[in-house]
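J.: Single-letter residue listing:
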Amino acid sequence: MDVTRTVGLDRNDAIAAAKSIYSLVLLLLLWEFVAQYDMVHSYFLPPLSDVLATFYELTADGTMLEHAYLTFRRAMAGLLLACLLGIVVGVLAARNRIVGWFWDPIIEVGYPVPVIALVPVFMFWFGTGDLPKIMLVAVGCFWPVAINARNATREVDENLVWSARMMGTSDRRLLRRVVVPAAAPGIISGVQIALPIALIVTFVFEMVAGGGGLGHLEIQGVRSFESAQVYASLIAIMIVGFTLDRGLRYLRGRLLAWT
Amino acid sequence: MCGNRFGKKRRPEENAERMSYADFRLETVVETIPNPLRRIVRFAFEWIPIAIVAGLWELASGTAVSSEILPPPSAVFAVSWELLVSGRILPHLQVSLYRIGVGLGLSIVVGVALGVGMARVKPIENFFEVFLALIYPVPKAALVPLAILWLGVGTETAILIVFLACLLPIVLNSYNAAQNVDRNLLWSARMMGMPAWKLPIKVVVPATIPSILTGIRQAIPIAFIALVSAELIASNRGVGFEILRHGQIGNYTSMFAVLVVISGTAFVAVRGYEWLERRVVTWT
Numbered sequence: 001m002d003v004t005r006t007v008g009l010d011r012n013d014a015i016a017a018a019k020s021i022y023s024l025v026l027l028l029l030l031w032e033f034v035a036q037y038d039m040v041h042s043y044f045l046p047p048l049s050d051v052l053a054t055f056y057e058l059t060a061d062g063t064m065l066e067h068a069y070l071t072f073r074r075a076m077a078g079l080l081l082a083c084l085l086g087i088v089v090g091v092l093a094a095r096n097r098i099v100g101w102f103w104d105p106i107i108e109v110g111y112p113v114p115v116i117a118l119v120p121v122f123m124f125w126f127g128t129g130d131l132p133k134i135m136l137v138a139v140g141c142f143w144p145v146a147i148n149a150r151n152a153t154r155e156v157d158e159n160l161v162w163s164a165r166m167m168g169t170s171d172r173r174l175l176r177r178v179v180v181p182a183a184a185p186g187i188i189s190g191v192q193i194a195l196p197i198a199l200i201v202t203f204v205f206e207m208v209a210g211g212g213g214l215g216h217l218e219i220q221g222v223r224s225f226e227s228a229q230v231y232a233s234l235i236a237i238m239i240v241g242f243t244l245d246r247g248l249r250y251l252r253g254r255l256l257a258w259t
Numbered sequence: 001m002c003g004n005r006f007g008k009k010r011r012p013e014e015n016a017e018r019m020s021y022a023d024f025r026l027e028t029v030v031e032t033i034p035n036p037l038r039r040i041v042r043f044a045f046e047w048i049p050i051a052i053v054a055g056l057w058e059l060a061s062g063t064a065v066s067s068e069i070l071p072p073p074s075a076v077f078a079v080s081w082e083l084l085v086s087g088r089i090l091p092h093l094q095v096s097l098y099r100i101g102v103g104l105g106l107s108i109v110v111g112v113a114l115g116v117g118m119a120r121v122k123p124i125e126n127f128f129e130v131f132l133a134l135i136y137p138v139p140k141a142a143l144v145p146l147a148i149l150w151l152g153v154g155t156e157t158a159i160l161i162v163f164l165a166c167l168l169p170i171v172l173n174s175y176n177a178a179q180n181v182d183r184n185l186l187w188s189a190r191m192m193g194m195p196a197w198k199l200p201i202k203v204v205v206p207a208t209i210p211s212i213l214t215g216i217r218q219a220i221p222i223a224f225i226a227l228v229s230a231e232l233i234a235s236n237r238g239v240g241f242e243i244l245r246h247g248q249i250g251n252y253t254s255m256f257a258v259l260v261v262i263s264g265t266a267f268v269a270v271r272g273y274e275w276l277e278r279r280v281v282t283w284t
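Listed in order, the protein sequences are those of chains A and B.
Read in order, the letters of the first sequence correspond to residues 1 to 259 in the numbering used here.
Read in order, the letters of the second sequence correspond to residues 1 to 284 in the numbering used here.
Quick caveat, the hints were computed from the structure, so don't treat them as lab data.
Some hints could be false.
To be verified - Listed next, the in silico DSS-like pairs over lysine-lysine satisfying Cα-Cα at most 30 Å (straight line):
1) B:K122 - A:K19
2) B:K198 - A:K19
3) B:K198 - B:K122
4) B:K202 - B:K122
Just so it is clear, the structure is predicted and the values come from calculations on it, not from any experiment.
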């Protein structure tokens, strides 16, 4: 067996990888160079090495992890709540005429509301702690989840439903065992659409209202003129966003392994 | 709970008519109504739930919840109307629409060029792909503080955020479409003597227009979210700022009223665009 292959470093792969990231390396080098020689004021662009040092410092003393955990907790709790409600409402709206009649126009009106504009409203209703953030994330994520669940359920092949009914499946079991699994790909797509909304709402809320979290850490850097902290928080935000996105894709693969 | 749908035997042809949930039983009633009234009746029937929700809200406000906390919809809509008629909101609306227009316009120009370029020219793809992959998982609203560092508080920051937020859907849609352009089109154009450098503008872009328009449709709601985020965090004008200001001085009815104005604008923008798309793109 070829040694290079065991570590996944085929020569062609390496060339392809180098080609696809050379521009990033160039940009980072340029960044460091320009900032080191003070061609741009360090308030706008601190040297990359400073940013990484700040990132390391904040991570080592636990600040970054604490804030990242706060953000993560709020975004996930809200998203989970939205998924529970959204999937129930969406599936029932597609299968039940009365639920559909009631929810369709509400979804129609609610979906285009830029939920982010509700930040001051929720701040006023629930204060600045965890609760308003989780609630607003839930409200914002509810619509895409519900709409996608409804549309996916409507498109479930009726033959599946008829076959199950013919074999004597009861209504409840039909929903749980036939309709929801058949609509699962569409439902999960809705959750994937909702994930960036959850993060946007959390970050903006933290920036406007405070109360900890990565968004708060970042805006604090702007207010105290510590631009390295702004860049360092952005790195953390990038990592959180990337991890959640990949996590959801992995989960999708696991849940839909049978398709 | 689901009995009324599952409990009944359904013939296949009945299934075909099921497209719209409530029509079924309603249709038999509607048949008896003279034609011009039918649409109105159907419309009213569909919107009853909204009326129920608004009615409950109206009742709850002032009894179950203080009308300070949850102003009744009648008051909110009255104030919205007044804001529009008196023109007090118009300067802010104008600023916000300007920001959206410029940001979205820039992202369309840059996004289409980038998407088509990346799909057709390998070095361009190699250069930009890694940046797009890096930006993709970042919620664009998280870039507002960075934009404040560079551009300060105001219009430029909002434009930059709207631009970045709208860029990805437009790039992705035009990239996918440009990659899947029908080869026969390209070959025919070449065969009829079109020089290679004209192909992108004369063949590829026209062939990708439907997808580009889809990308723009996806970008419009995103643009509004990005705009309001930027205005909440870093602005002293615009509708997002107005909401925050009314909230801070405790003028909650006005706060809700501005919210209604924003939502209405976003709704009209999406619907107006869809209407325009149907009107303009008639060849697809």
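J.: Is it true that the CA of B:K198 sits at most 30 Å from the CA of A:K19?
T.: holds, 28 Å
J.: B:K198 and B:K122 were given as a pair; does the straight-line alpha-carbon distance stay at or below 30 Å?
T.: Holds, at about 18 Å.
J.: Quickly compare the C-alpha distance for B:K122 and A:K19 to 30 Å and report which way the hint goes.
T.: holds, 10 Å
J.: Given the proposed pairing of B:K202 with B:K122, does the C-alpha separation stay at or below 30 Å?
T.: Roughly 20 Å between the alpha carbons, so the hint for B:K202 and B:K122 holds.
The structure is consistent with each of the numbered hints, conforming to all of them.
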